[in-house]
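With the hints as your guide, set chain B onto chain A.
Letter by letter, the chains look like this.
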Amino acid sequence: MSDVSKIMFVMRKAPYGTIYSFEGLETVLIMGAYEQDVSLLFVDDGVYSIKKGTDTTPLGIKNFSPTFRVLEGYDIEKLYIDKESMDSRGLTLDDFVVEPEVLDKEQIAKLMEEQDVLFPF
Amino acid sequence: MLHLVNKSPFASTSLESCLKFATKGAPILLFEDGIYGAMSGTALEAKIKDVMKDHPVYALKEDLMARGIDVVIDGVKTIDYPGFVELVERHKTCTWS
Numbered sequence: 148m149s150d151v152s153k154i155m156f157v158m159r160k161a162p163y164g165t166i167y168s169f170e171g172l173e174t175v176l177i178m179g180a181y182e183q184d185v186s187l188l189f190v191d192d193g194v195y196s197i198k199k200g201t202d203t204t205p206l207g208i209k210n211f212s213p214t215f216r217v218l219e220g221y222d223i224e225k226l227y228i229d230k231e232s233m234d235s236r237g238l239t240l241d242d243f244v245v246e247p248e249v250l251d252k253e254q255i256a257k258l259m260e261e262q263d264v265l266f267p268f
Numbered sequence: 041m042l043h044l045v046n047k048s049p050f051a052s053t054s055l056e057s058c059l060k061f062a063t064k065g066a067p068i069l070l071f072e073d074g075i076y077g078a079m080s081g082t083a084l085e086a087k088i089k090d091v092m093k094d095h096p097v098y099a100l101k102e103d104l105m106a107r108g109i110d111v112v113i114d115g116v117k118t119i120d121y122p123g124f125v126e127l128v129e130r131h132k133t134c135t136w137s
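Order-wise, the sequence lines are chains A and B.
Okay, so the first sequence: first residue is 148 according to the numbering used here, each after it adds one.
Okay, so the second sequence: first residue is 41 according to the numbering used here, each after it adds one.
With the rest of the complex left out, here is chain B:
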């Protein structure tokens, strides 16, 4: 199951709820305002690093660029729209909006 999160973790419980129910190994893709969770140097960085022990974490490049986020947390994989489509093709999805 691919988990899609499009809300800022500073404004919404979307990411938190996603993490509560995501089974080990399930990939998590941050997009739209969800990408703020991937930014380096935030209060959430340690938590995201912890999450990456159990889940691959992706962030959508186009949304990072649009929001001026240049540096993502080490280990977060940036993907573009074709990469997004590829991930969605390979998994069932659950959206946390």
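Next up, chain A with everything else stripped away, as it sits in the complex:
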């Protein structure tokens, strides 16, 4: 039996209103140490987590959006985004700090079914 699991993190929350997105990212980074087949899916307000140009100085909290760029260094290269979530929020690939692959809902549904574990954040 393979000891590599397919693990998908489903990022569904906007970044600075709640702790979900930050904790999701932290967990992904930890998971990066275990040599698993990790992917990230940005859906619903989760797409805001990778928005360019975030400046949290006025809020006095850590700006973690640019941290999504370091995932590649952890061999986490599978980033996906739901086209509908992106389009409906008036965002395009130019708006993001990383370059996720754009998928439609059928492709995402299939990808989810292929995973061993889904972690919602």
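Watch out, some of these pointers could steer you wrong.
Unchecked claim - Examples of chain B residues lying across from chain A (beta carbon under 7 angstroms, computed):
1. L42
2. S52
3. T53
4. S57
5. K60
6. F61
7. C134
8. T135
Unchecked claim - Here are the simulated lysine to aspartate or glutamate pairs, EDC-like style, with alpha carbons at most 20 angstroms apart:
9. A/K252 to B/D94
10. A/K153 to B/E129
11. B/K60 to A/E260
12. B/K64 to A/D263
Unchecked claim - Per label pair, the in silico range of CB-to-CB distance:
13. B/T53 to A/K198: 28 to 38 angstroms
14. A/K257 to B/E85: 42 to 52 angstroms
15. A/T201 to B/T53: 39 to 49 angstroms
Read the hints as simulated data drawn from the structure, not as lab findings.
Just so you know, these numbers come straight off a predicted model, no measurement behind them.
C-beta: ideal position from N, C-alpha, C; glycine also.
Okay, now just chain B, sitting in the frame of chain A:
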């Protein structure tokens, strides 16, 4: 894949997103505030009935009772905690919270 929804469909897009990505035949379990989607006579009833053409829909009995929901939409299966555990044992899960 078993889809778990624990937010009210009147307050959150959890159920909507779940339905967007759930493949045909995938069971959906409503629990905690998610059970409001199972209540009979709401604006969502027709939609849930439509959903049940493609998905078995379950609602957690304990959460229905706690919220005073006595009548669920025809076709929604109520299950208790042991039933919940059984479902989770049989499927991979995806939580929409």
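Can you verify the interface hint for B/T53: is its Cβ closer than 7 angstroms to any Cβ in chain A? Hint on B/T53: holds, closest Cβ of chain A at ~6 angstroms, below 7 angstroms.
For A/K252 and B/D94, compute the direct alpha-carbon distance and say whether it is at most 20 angstroms. OK: A/K252 and B/D94 at ~16 angstroms, within 20 angstroms.
Closer than 7 angstroms between Cβ atoms is the bar; does B/K60 clear it against chain A? Give me holds or violated. holds (5 angstroms)
Against the range 42 to 52 angstroms, how does the distance between the Cβ atoms of A/K257 and B/E85 compare: consistent or not? violated (30 angstroms)
Given the hinted pair B/K64 and A/D263, is their Cα-Cα distance within 20 angstroms? holds (19 angstroms)
Under the criterion of a CB-CB separation shorter than 7 angstroms, is B/F61 in contact with chain A as hinted? With Cβ-Cβ at 5 angstroms, under 7 angstroms, it holds.
Residue hint B/S57, partner chain A, criterion CB-CB below 7 angstroms: Status holds, d = 6 angstroms.
Is A/K153 close enough to B/E129, meaning Cα to Cα at most 20 angstroms? holds (19 angstroms)
So the hint says 39 to 49 angstroms: do the beta-carbon atoms of A/T201 and B/T53 match that? Since the Cβ atoms of A/T201 and B/T53 sit about 22 angstroms apart, the hinted range of 39 to 49 angstroms is violated.
Has the hinted range 28 to 38 angstroms been met by the Cβ atoms of B/T53 and A/K198? violated (19 angstroms)
Would the hint on B/T135 be counted as holding, given a Cβ-Cβ threshold of 7 angstroms to chain A? Holds: closest Cβ of chain A sits about 5 angstroms from B/T135, inside 7 angstroms.
Residue hint B/C134, partner chain A, criterion CB-CB below 7 angstroms: holds (5 angstroms)
Figure legend: structure checked against the earlier numbered hints; hints not met, in rising order: 1, 2, 13, 14 and 15.
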